[in-house]
Amino acid sequence: MPERDALSAALALIAGADPALWGIVGLSLAVSLSAVALAALIGLPIGAALALFRFPGRGALVTLFNGMMGLPPVVVGLVVYLLLSRTGPLGELGILFTPGAMVIAQTILVFPIIAALARQTVEDAWHEYEEQMRSLGATPRRSIATLIWDTRFSLATAVLAGLGRASAEVGAVMIVGGNIDGLTRVMTTAIALRTSMGDLPMALGLGLVLIALIVLINALAHVVKAMAQARHG
Amino acid sequence: MHARQSPLPLVLSDLSFAAGGVAILERISLTLEAGPRTVILGPNGAGKSVLLRLCHGLLRPSAGAIGWRGPRIGRRPDAMVFQRPVMLRRSVRGNVEYGLKLAGIGRAERHRIATERLEAVGLAHLASRPARRLSGGEQQRVALARAWALDPKLLFLDEPTASLDPAATRLVEAIVLAMHEAGTKIVMTTHDLGQARRLADEIVFLHRGRIVERAPAADFFAAPKSPEAAAFICGELPV
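Protein chains in written order, with the working numbering: chain A, -1 to 231; chain B, 3 to 241.
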């Protein structure tokens, strides 16, 4: 099938609100947004703690998280697969090949990004805040929440970077989700499958939706951030 | 009754501070008594800011000791206002209430105290505004209200008007006087002679990390005893 025809067929699928297509889009969003929410919940406090506390091994941890920003998704997928497989240590949970497993894998992929970026952001803010905070009676421990709140506009960017990573990766969700139609098939795995099957309209349609979603989320976040920053200074 | 409960005086004995092998303060001995407004005067680089930070516990002395001689009850008796106030990214009221919240004071009480202090610094009408959107002078007044909310027995001010215009400077000075009036011991650094004349009851003249002279303000300005202070008053660079 010529590419032009594939493109028009793809647009027809999108416009026609093809239920299979939108089911896949919905699951993708649910998995990646859950993973990013979890990763933020874990990564933001870890990043802030690394910024504020001095302890032996801190430098090694900072390097570790920086390095983990570039974790290969397939390897993370493999490790989570081994953990969750029937004979693995978490096999009893029985969640391999479910969206839950996909959320776990993406959370592991994303939280180092959020932690590393948050560490840098909070550390910069702490240089500005430290004397004032200590003067007002705040210990580093009590300053964590304050600093996360005060750098929220910059941290939003870190979280978005995580969302970009989660929604774009294919290796981890493919391995732990299994790309099961109607159950664990998300946009990236569907694109890979449809392309190899030669179903270019569906692959292209999903690709367009994926790009549009990522652009839209980032644009929205940018607008919200700019408005909030203008208001709060 | 009030005087007896004061944790003052704050006594510094043979306090030294060095950073990277460079001596910044050398053998400073100073007793900060309750009462007079003390202005630490001296040229840039004399060590004024470092001295305040040592007093406030933000820096550790390399040698010597510092301690309250009166009874200390409850939360820390000293507060500090910096040259450039750090406004938290929240409302003006949120900034003033922040220290109270850390001190474990309940919501209603926090609200009452913050309202009172914001009125005292003339910013009650800006209470709900984002603090970072205020002008430099207004921010410094928020910082004063924030420090005042903690009811300090001793307030350190580190060149609080160095980056403000004359009108904002006068407003800040008026608040400092009002806090003193309300019973707070004032210890302030400045390199501005006019400000020292307006605010000081006594002068501690710092030069190259040492206390060169300490005198009642009137005596100091009329007849400085040290050549360094005399030169500084004349507007010369002391050698």
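Calculated from the structure, these hints are not laboratory results.
Worth double-checking, as some hints may not be accurate.
[Unchecked claim] What follows is a set of in silico ranges between Cβ atoms, one per label pair, in the way DEER data are often shown:
#1 A/T137 <-> B/A21: 52 to 60 Å
#2 A/T137 <-> B/R71: 45 to 53 Å
#3 B/S18 <-> A/T137: 22 to 30 Å
#4 B/R135 <-> A/T137: 42 to 50 Å
#5 B/S64 <-> A/G89: 41 to 49 Å
#6 A/R84 <-> B/R135: 52 to 60 Å
#7 B/K227 <-> A/R132: 34 to 42 Å
#8 A/L91 <-> B/S137: 53 to 61 Å
#9 A/F53 <-> B/F223: 49 to 57 Å
#10 A/D122 <-> B/A65: 29 to 37 Å
#11 B/G237 <-> A/G65: 32 to 40 Å
Just so you know, even glycine gets a beta-carbon here, dropped at the ideal spot from N, CA and C.
Going down the list of hints, with the structure as the test:
no.	hint	result
1	A/T137 <-> B/A21: 52 to 60 Å	violated, 24 Å
2	A/T137 <-> B/R71: 45 to 53 Å	violated, 26 Å
3	B/S18 <-> A/T137: 22 to 30 Å	holds, 27 Å
4	B/R135 <-> A/T137: 42 to 50 Å	violated, 29 Å
5	B/S64 <-> A/G89: 41 to 49 Å	violated, 59 Å
6	A/R84 <-> B/R135: 52 to 60 Å	holds, 58 Å
7	B/K227 <-> A/R132: 34 to 42 Å	holds, 37 Å
8	A/L91 <-> B/S137: 53 to 61 Å	holds, 57 Å
9	A/F53 <-> B/F223: 49 to 57 Å	holds, 51 Å
10	A/D122 <-> B/A65: 29 to 37 Å	holds, 33 Å
11	B/G237 <-> A/G65: 32 to 40 Å	violated, 58 Å
Of the numbered hints stated above, those contradicted by the structure are hints 1, 2, 4, 5, 11, listed in ascending order.
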